[in-house]
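There are 2 protein chains.
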Amino acid sequence: MNADTPRTVSISPRSADRVPPAVILAAGAGVRLREGNGGRPKPLTELLGLSLLERSILSCRAAGVDECYVVVGYAQERIVHLIDELEARHGISITVVRNPNWETGNGSSALAAVSHLTDPFLLLMCDHVFDPAILRLLMTAADESDSCLLAVDRHTDRIFDLEDATKVRLDGQLITAIGKELTPFDGVDTGLFLCSPALLSALEKPTGSGKRSLTRAVRHLINQGKIKAVDVGDRFWLDVDTPESLSDARRVLLAKLAKPSEDGFVARWLNRRVSLRLSSYLASTHLSPGAITLASFVIALSGAALFAVGSYLWTVLAGLLVQFASIVDGCDGEIARLKFQTSRFGAWADTVLDRYADVAVVTGISLGHWQTHPTAFTLLGAVLALTGFILASYTKKEYELRYGSKPPSGLLARLSKRDMRLFVLFAGALLNRPFEAMVLTGAVSHLAVGAHFLTASRDRRLSEPRLP
Amino acid sequence: MNADTPRTVSISPRSADRVPPAVILAAGAGVRLREGNGGRPKPLTELLGLSLLERSILSCRAAGVDECYVVVGYAQERIVHLIDELEARHGISITVVRNPNWETGNGSSALAAVSHLTDPFLLLMCDHVFDPAILRLLMTAADESDSCLLAVDRHTDRIFDLEDATKVRLDGQLITAIGKELTPFDGVDTGLFLCSPALLSALEKPTGSGKRSLTRAVRHLINQGKIKAVDVGDRFWLDVDTPESLSDARRVLLAKLAKPSEDGFVARWLNRRVSLRLSSYLASTHLSPGAITLASFVIALSGAALFAVGSYLWTVLAGLLVQFASIVDGCDGEIARLKFQTSRFGAWADTVLDRYADVAVVTGISLGHWQTHPTAFTLLGAVLALTGFILASYTKKEYELRYGSKPPSGLLARLSKRDMRLFVLFAGALLNRPFEAMVLTGAVSHLAVGAHFLTASRDRRLSEPRLP
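Those sequence lines, one after another, are chains H and Y. If you number the first sequence the way the working numbering does, the last residue is 468 and the count never jumps. If you number the second sequence the way the working numbering does, the last residue is 468 and the count never jumps.
Treat the hints loosely; a few may be bogus.
Given that identical chains are not distinguished, each listed pair holds provided it fits within a single copy or across any two copies.
Unchecked claim - Taking lysine-lysine and the DSS-like style, the derived pairs with C-alpha atoms no more than 30 Å apart in a straight line are: (1) LYS211 - LYS226; (2) LYS205 - LYS339; (3) LYS211 - LYS259; (4) LYS406 - LYS259; (5) LYS406 - LYS226; (6) LYS256 - LYS339; (7) LYS339 - LYS397; (8) LYS180 - LYS406; (9) LYS205 - LYS259; (10) LYS180 - LYS226; (11) LYS339 - LYS226; (12) LYS256 - LYS226; (13) LYS205 - LYS226; (14) LYS180 - LYS397; (15) LYS339 - LYS259; (16) LYS205 - LYS397; (17) LYS406 - LYS205; (18) LYS211 - LYS180; (19) LYS397 - LYS256.
Don't read these hints as lab results, they were simulated from the structure.
I would like the entire structure built from these sequences, with the hints used as guidance.
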């Protein structure tokens, strides 16, 4: 392995101002994948609710790309039909480039698109699943030279099918050799390029066999010293060629949805495990993240109503519903991230409905307790829990607004997170002590606010900025 | 009036990187002010809790200045004693420059300090009260030339004693003439400079009379075309020379504390009018903003406790206390801004304690109502009001976090602000209907959340950013 890590080159003002168009190659037959796919063309292969082509286009858009060219060849009518649908659904403009010579190789598909373009452009294959941040990396690394940039993965130990991958050898930032059989090698070609128009002449070179492969054109540019590597670091990408790699992509995309740094104990060890399974099913339905948010809210409301009845049987059922609502509450965000449907409104509405769901559950438990204990202590217990639940979250938001960063998270803060609070209510319901469980977790929430107050007060001398 | 507005010149990298030191002239006798001031030296004259000198130094610090030189002459021992105190209290470093020739004019005081300095520096008079933003304007306008910059006010209609002010005439950005008797003129000299070392040679010029005035040195630089104007725009500044101008400064500083864009109806028409009077008294005490926050909290808690008793007399007293707490709640911020004591922790703690005070008041009113109505409806009313009060605030904070700006404020939002809520509770107490008033204002708060939800939901297509 070469010890020199490729570095990003200086950011040119142009690259910061303008986002290049993207060319997506979707013309091949994809024989290996088709076998396990009911004969569906590769770009239409579904992966967690999105076809591979749709995922590529939405990944480009997430990186800020406005203009997409999709090159089609094999089964083009079905693919063009999908593209029309995507344009209507997402309100983005996609140019279809038909390549009659698609069977001569992916070089001819690239050539068909490149002749439409005079400025630098992104080039990707529709069967590559990747973190949109890699496209931003390429744009940031762009310089004014006529070199092409290739995103390269140096963590070769994590490649699913290393044997089948295209390897590259590096000299500093320059790529000096490319090939499947290359040894030794320094990294793997991710198939994500930022190309200069120099690629056109390399693609146009006459070939003896009549075959036009992209790798051949790339090799030509390498010989001219015109391809630089951009290290993708820890950002994920996957090449989906076979039914096995499709399963692997599914596994990796789902695993990336957990949030180890934010999830509480219960979220981590219980809720996330169930919600990810649920999401992998929900992704293939047409349910929107907003509908799932609403479903979680309605489930919690049902639980609240059953708690108000008061008898043990209904209480246990109520506890189950509340814990289930807590699990479903993870799915909306998971689906939104999986299907590029995240939105500020969605995140805001989710948080506000969570608070109202908490209010309903506390009210339900208090009314249930009221059946047997119609005293002022029931009222005080309700107030304690209600305010604890809301204020534990409130003080954190307010801190974030004032300080511009999330507050430090101690044990009490993690114990007063929503996943834990609802789990304690569930456990309390099983023990037929939901009110006591509610008062306990409400008290812990207030303690968390108090602890937070003490910490912030102690640190205030150190952390105050100079300017008012 | 000259139609050319002076514009800020390009920002040099140097000015963004380094904050220049400040020279504060505090050597004069200030005869006119002393007469109405019990003979106290001018720099020690108190204005709303801070001496003029302390206010100058803290204004410099608020603008990011690290290093202050204070030139002393008249009554220097008392002033040096104050400076020692300020260094200890605020942890800032101040260099004292003693000017034995202070009686020959402020030019000699400037000269005494300038000989310590080789780089550009800010120059100000300790009897000028000003918005620290003006110093930032000067720093931003700094260029690499050896010109001096003078902050100029073109709104001459707002000058307190225009006759006594020093006027300037402009040619574009260049100052072409200066003097008290100048006609016509384009603006007024605010006494705030960013000086280049060129000032030194102008100050050093021998004078026939032995008098050294700063205006004379400035006039010399004007003749060389070396003084440019920087327009202060709407930013305030005041020259405190007489007992009358001191009263005016007091009035202007207090008026600047109201927040017309943020204050609710009751805050604007009632609370702010009382709190500003209270603050003008509290400023001269040693009470910190934090102590006032705590006082408001304790007053609200007392009101909550009296509400719990339930009889009419106690209820009226409770209502009065709660309304008084609402007024005092404005004073902490006012004092903090008046005395340069704002802090993130203070703002955060104030907001969190406000929520806890609200919780206490709702609990008190509910317990009071319980005395005569021990039913589940009392519990439900408490829940409704409590959650309305907290969630109206919560949803706004969450919106600000997600969208990076405050939510649009409609009528319902303004009716559910804290000043209005507490006022309604006060009015309800007078009518012996605190519980009903509480349920009403709780319901309005929930409606405000609902309205906010609808608006955000309707706008979401327009306002969503492209990148997730």
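Any hints from earlier that this structure breaks? Give me their numbers in increasing order, please. 2, 3, 5, 8, 9, 11, 12, 14, 16, 17
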